[in-house]
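S.K.: Let the sequences and hints guide you as you build the complete structure.
Read off the chains here:
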Amino acid sequence: MTSPVQTEDTSVPGGSGPDVLTKDGAQETKASEGLSPGQLMWMRFKRDRTGIISACVVIFFFLIAILAPVISKLYGKDPYTLYGQNSLTLLNEFNMPSGSFGGASGSHWFGIEPNLGRDVFMQLLYGMRTSIYTALGATLVVVILGVLIGLLGGYLGGAVDFWLGRFTDLLLGFPSQLFMIASMPVITAAFVKPDENTPVWLRAGAIIFVTGILGWMGLARLIRAATLTMRDREFVEAAKISGASPWRIIRKELLPNLWSPILVQATLQLPSNVLNVAFLSFVGVGFVEPTPDWGRMFSNGAGFIQQDPAYMLYPGAAMVIFVLAFNLLGDSVRDAFDPKSGR
Amino acid sequence: MSENKTTTAVTDKAAPAEGRPLLEVKGLTKHFPIYGGFPFKRQVGAVQAVDGVTLDVFPGESLGLVGESGCGKSTTGRMLTRLLEPTGGTITYDGRDITHAGRKELAPIRSEIQMIFQDPYASLNPRQTVGKIISGPMEINGINPPGGREARVRELLETVGLNPEHYNRFPHEFSGGQRQRIGVARALALEPKLIIADEPVSALDVSIQAQVVNLLQELQRERGIAFVFIAHDLSIVRHFSQRVAVMYLGKVVEIADRDTLYEGPRHPYTHALLSAVPETDIDAQKRERIRLVGDVPSPIMPPSGCRFRTRCWKAQDKCATEEPPLVQISGNKPGHLTACHFPEDPTTAAADRKEDVVMDPALQALEKDVKHA
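Here the protein sequences come in this chain order: A and B.
Sequence positions in the first sequence follow our numbering and run 7 to 349.
Sequence positions in the second sequence follow our numbering and run 984 to 1356.
Among the hints, a few may not be true.
[Claimed, not checked] Have a look at the derived ranges for each label pair, beta carbon to beta carbon:
1) Leu46/A <-> Gln1268/B: 52 to 58 angstroms
2) Met1342/B <-> Ser251/A: 50 to 56 angstroms
3) Leu330/A <-> Glu1088/B: 56 to 62 angstroms
4) Gly1131/B <-> Phe180/A: 51 to 57 angstroms
5) Leu162/A <-> Gly1071/B: 38 to 44 angstroms
6) Gly1028/B <-> Phe180/A: 38 to 44 angstroms
7) Ser251/A <-> Val1310/B: 39 to 45 angstroms
8) His1215/B <-> Leu162/A: 54 to 60 angstroms
9) Val166/A <-> Thr1304/B: 52 to 58 angstroms
10) Ala165/A <-> His1083/B: 52 to 58 angstroms
11) Gly1019/B <-> Arg172/A: 16 to 22 angstroms
12) Lys1301/B <-> Val166/A: 45 to 51 angstroms
Keep in mind the hints are simulated off the structure, nothing from the lab.
Built from N, CA and C at the ideal position, the CB exists for glycine as well.
M.R.: Shown next as structure tokens:
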């Protein structure tokens, strides 16, 4: 700790050296590695019990969605076989599951589907898999579009900002759910001949496209506002003075400071996208048979709500738990990133 | 604190006034447009933040830029580093015109002009480690010092009086003074020839101010870096700068070497400014007292002629019609330029002035009552 400045500068008022000296005595023993804002956030997050529990629930949902084929193998059933049609005892004469609680039994844990007689547990698992994957894709599109448009508008300002802002307003004015219902068949019809079957990937792509295109506006506005507050900060000017390109400034100076709003928005956006995808399937423009889908289980279940309420119970409970856990997780992430904004 | 330091600094006067200036500024102007009107917006006026500033900065010299808040000091500094686009005038660096140069054209001289910022809390990216902050400029300019960038950063940290082991720490772990030192290290990373210091110490508390100013002075002498030192604290400027320019409402009203300006100012505004500096030495010769009244006029509609005339006790009709040029008026030493039609005597002593200048009539009446009582 000998520096030319301190040793030569004996005329420093107060007689004491610079502030570093006094602090160092205590700090020298600790590791010289500092805690990054990210590490601090992680420490705060670990103390938040709600956050940890909801994170566990969310991870559990993701795991069973990813591992659905493995579970299917262990469980010995798949989501496509019509077990009720193959066995005479599983469905009664009205094509409703025989036995209480939707026909739940040791071999069909969540019972079987009315009419077709497929396994509800497998349907739910694979349905969640479809919905979560689609929602993840849509969230990715939302985040990329939102961050890009928000950053561009906020950083470049002027006419670019004006027109991007008006475009955002225009899309915000759209009745998004009606637009989704109206545009889904149009998009699929544009790529598929009338006499052909629509492939599943095209359907998934169309759903991701439509929900993504109509979902980025909130994030873009948020990112634009955050960029505006940072654009004129002096560390950005310092980067400009050393000759950094706008792209480098956006990437190295602005983006690292925007991770918290992005992460928080993404964790809040994902469950709402799961609901959106489910909604599309519910109204019949999303995934179609035989692709298992979470949302379509509701629309099927709604038809049997009086005869077989248990059929709707499982997907409904699963979705409530999933969306709730995800929203609580989003809140906890926000609190961890920005402890001042909490309650 | 600065007084005893000044005496030592006087010896190395090293008048750098000869040779070609490193930075030449001629008639530099910045007007910020004001838009208004409905439904179609159009420009209805302009904030004339800087209006025709002419300066020279010589290699290795420190030029102080003083003036009250809002007089255009920082705007001038930001134009010199080309953070702002000048509306008019020219900036010539080392013989090259950089007034309207783009980012690519500026690339070769970017490493030679650096800036130190006012607010140490806003000038460091909170998400980057100290090492990254300081090595950033080297990375951008593709500089690979011998021994690697990390070794260079550690060296710089030591130069500015920080522990080189703090390489991996984040800005939030440092105090204001330490942060400002990091900012200085970042400016030094490219081994600049000119540093624009925009009020580098006004956000720090007084004991830390002295440390940082001394650090800057040390660097300036050892490395021969030219400084444009923007400040509103006159004693710090006196301590730090060899030449001082006084700005008022977007114009330079007086420029001279330090001692001439502080001992023998000619412009009434400089007199007023100097008389406002609190006296710490009670045994010192009594200084003149000048009390101005009112605020600085709006830069949107500056007064005609001399901009100081609305607050000047010597103002006459000529001041309203004719703008005084910034020239060496009679009785001035070479290099001492003043923009005034009716300059004051070059003295700050109270004995040389018959009566205090008190511009406010109410205050005048009050002072008379006190005297009579």
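S.K.: Any hints from earlier that this structure breaks? Give me their numbers in increasing order, please.
M.R.: When the structure is compared with the hints, numbers 5, 8, 9, 10 turn out to be violated.
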